[in-house]
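In order, the protein sequence lines correspond to chains A and B.
The first sequence runs contiguously to residue 339 in this note's numbering.
The second sequence runs contiguously to residue 1297 in this note's numbering.
Among these hints, one or two may not hold up.
Simulated crosslink set (DMTMM-like; lysine to aspartate or glutamate; CA at most 25 Å straight-line) [what the hints assert, rightly or not]:
1) B:Lys1292 / A:Asp77
2) B:Lys1075 / B:Glu1257
3) A:Lys133 / B:Asp1196
4) A:Lys62 / B:Glu1193
5) A:Lys133 / B:Glu1189
6) A:Lys110 / B:Asp1196
7) A:Lys116 / B:Glu1257
8) B:Lys1102 / A:Glu31
9) B:Lys1102 / A:Asp77
10) B:Lys1292 / A:Glu60
11) A:Lys8 / A:Glu56
12) A:Lys177 / A:Glu60
13) A:Lys177 / A:Asp212
14) A:Lys133 / A:Glu162
15) A:Lys104 / B:Asp1196
16) B:Lys1192 / A:Glu31
17) A:Lys62 / B:Asp1196
18) B:Lys1102 / B:Asp1190
Label pairs and their calculated CB-CB ranges [to be verified]:
19) B:Ala1182 / A:Leu286: 24 to 34 Å
20) A:Asn17 / B:Val1118: 33 to 43 Å
21) B:Leu1029 / A:Asn17: 56 to 66 Å
22) B:Ala1023 / A:Asp59: 52 to 62 Å
23) A:Thr72 / B:Leu1019: 56 to 66 Å
24) A:Ala74 / B:Trp1162: 37 to 47 Å
25) B:Ile1078 / A:Asp168: 48 to 58 Å
26) A:Lys170 / B:Thr1111: 12 to 22 Å
27) A:Asn17 / B:Trp1162: 19 to 29 Å
Derived by calculation from the structure, the hints in this document are not laboratory data.
Glycine included, every Cβ here is placed at the ideal spot set by N, Cα and C.
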Amino acid sequence: MTTSPFVKLDGVAKRWNGQLGVEGITLDIPEGSFTALLGPSGCGKSTTLRLLAGLELPDEGKILIDSKDVTTSAASDRNLSMVFQSYALFPHLSVAENVVFGLKVRRVPKQERQEKLHRALEITGLLGLEDRKPGELSGGQRQRVALARAIVAGQRLCLMDEPLSNLDAKLRNAVRKDIKKLQRDLGITVVYVTHDQTEAMSMADTVVLMKDGHIQQVGTPEDLYSRPSNTFVAEFVGAPPMALLQSSVLDGFGDDKTIGIRAENIQIAPKGEGRLRCVVNESEFLGAETLIGLDHAGATGLCVLKPGLSMIAEGNEIDINFHDENLHVFDAAGQRQAG
Amino acid sequence: MSAHANLERRRQAIYGWLLLSPAAVLLTLFAFYPSVATLWSSVFSRGTRRKPTEFVGTENYADLFADPTFWIVVKNNILYAGVTIPVSIFIALSMALWANGKIRARGFVRTAYFTPTVLPMIAAANLWLFFYTPGLGVLDQIGSLFGLPSVNWLGQPETALWAIIIVTIWKEAGFFMIFYLAALQTIPEDLKEAADIEGTSRWTYTRRIVLPLLMPTTLFIAVNAMINSVKLIDHLFILTKGGPSDASKLILYYIWEMAFAFFDAPSAAAMTIMVIAVLGIVATIQFFYLDKRTHYQ
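With these hints in hand, go ahead and build the complete structure from the sequences.
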């Protein structure tokens, strides 16, 4: 067993007519891991996945899968499967035909095909729906057919391009768990593209946060949440996201820095005893707690959580307090400073 | 039922009839009534000044079946349909698959293929007359370069019908291609990508995915091509007038001759009824047989 990663992207770049697609993507993905590519629309996460799949060819850089250089290989030579956002099911073929389509193309014998089909349908809970057409299935069932098609071939690498974005919120939670369990049980490597940070944070071992074609941070969900490497990550990850303050409003941090603080680390202080005085701009009841949004001239996204139903009228002035060890300090360029 | 629900139902019914009436009136006036009138006149004899029109039952039909020209024309039309329908569909499909691909000057290719459709059939026929003319025509000019003898394509019974068939295919393929192109646009790009990842060859993808998804279009085109194989005779007037010795005469042309050259309206009516019957039966078979094997989205 070598120590080299299962999937390796090395300085990969793809430009569209001179415009930026992705740039300088360097990423190691270990075997059996669940990696999420996360970022806002147009950040290049889907492009990265398509480069990995071989649906696009990179302008620069190298892609290795299982220690094999596949930079210019055809998609079919990369030994991977893919789940598309639209599921890409063949509308005129039944569930069974859709699932075994690839096996048929690869001329897998009929007996083996039947066994694999049965197993894939069993795992995805689709037994009994073999003869239905995709048009006769619900959104969640279609999604599972796409999953079954991806796992039936037994490829070790599975790429997923926003597979849950066409499902309603409730179903999404259930399928999220199913996918995670599937990945663990089968021991496959999954690269998962999403713009939903809840998906990325709850499913992935490693989250790759991207913006404007560049990787911003690679780390565990916990890393991204508690040690954001720059102000973009700080403001993207978490709900509510991290509040950012100009360092000049606090003592002892200089003038050109940005200070980040999470809502759960802020307490409301008695009048006159807090470190900042803010104006309440909204109160949002979330159920277990109430989110109180605050305005301050030197801060963005400042808010505080109060347990239970605890509305404060708009326009009220309140003082807040926080500890220095909970502060995240970013330099003038927005990069995290040590600590 | 309460009064307002009843009123609402009546309102809906009136609304429905209003929507239906324009089509019903036009179809009755210009399709149903003429069909019935044709059927009516096909069972009466041809009236002359001395012998007034009288009911003759199926006599007009019997006369037709005894007419050797009628059988030549039927045979011609079957060959004409049997060749133009599959060949023009095949060419249309090939052109559409090609023009839908990532090729250079795609817009130009599409326009070029579509041009024959835009031309009126009479103009197209004149164009082809210029190709086929013995001695002066383009075909003969090219042939003479290779020392081939001059051929009178339109003037000899062996080639006349085939020359007509080629013009029809040339005219129709571009038209059908447009339908195929439109249908190809509706096939999502990611089906191709999903197939690519599985290692599907282009041919397998076309055969197993594209062709089945094009079936509704193929069915539509097949019915249209069949109707056209009876309906499209404009070029006969320019190119051969059905000759030589009826070698390129098609049913509708014969009907026209009967009605307006020989003034035998009852025979023309009888032939028309037969054409309608055959077309109706074939279209029904096409729809019911192929519909079962067609996937609609």
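Going through the earlier hints one by one, which of them does the structure break, listed in rising order? 1, 7, 8, 10, 12, 13, 16, 19, 26 and 27
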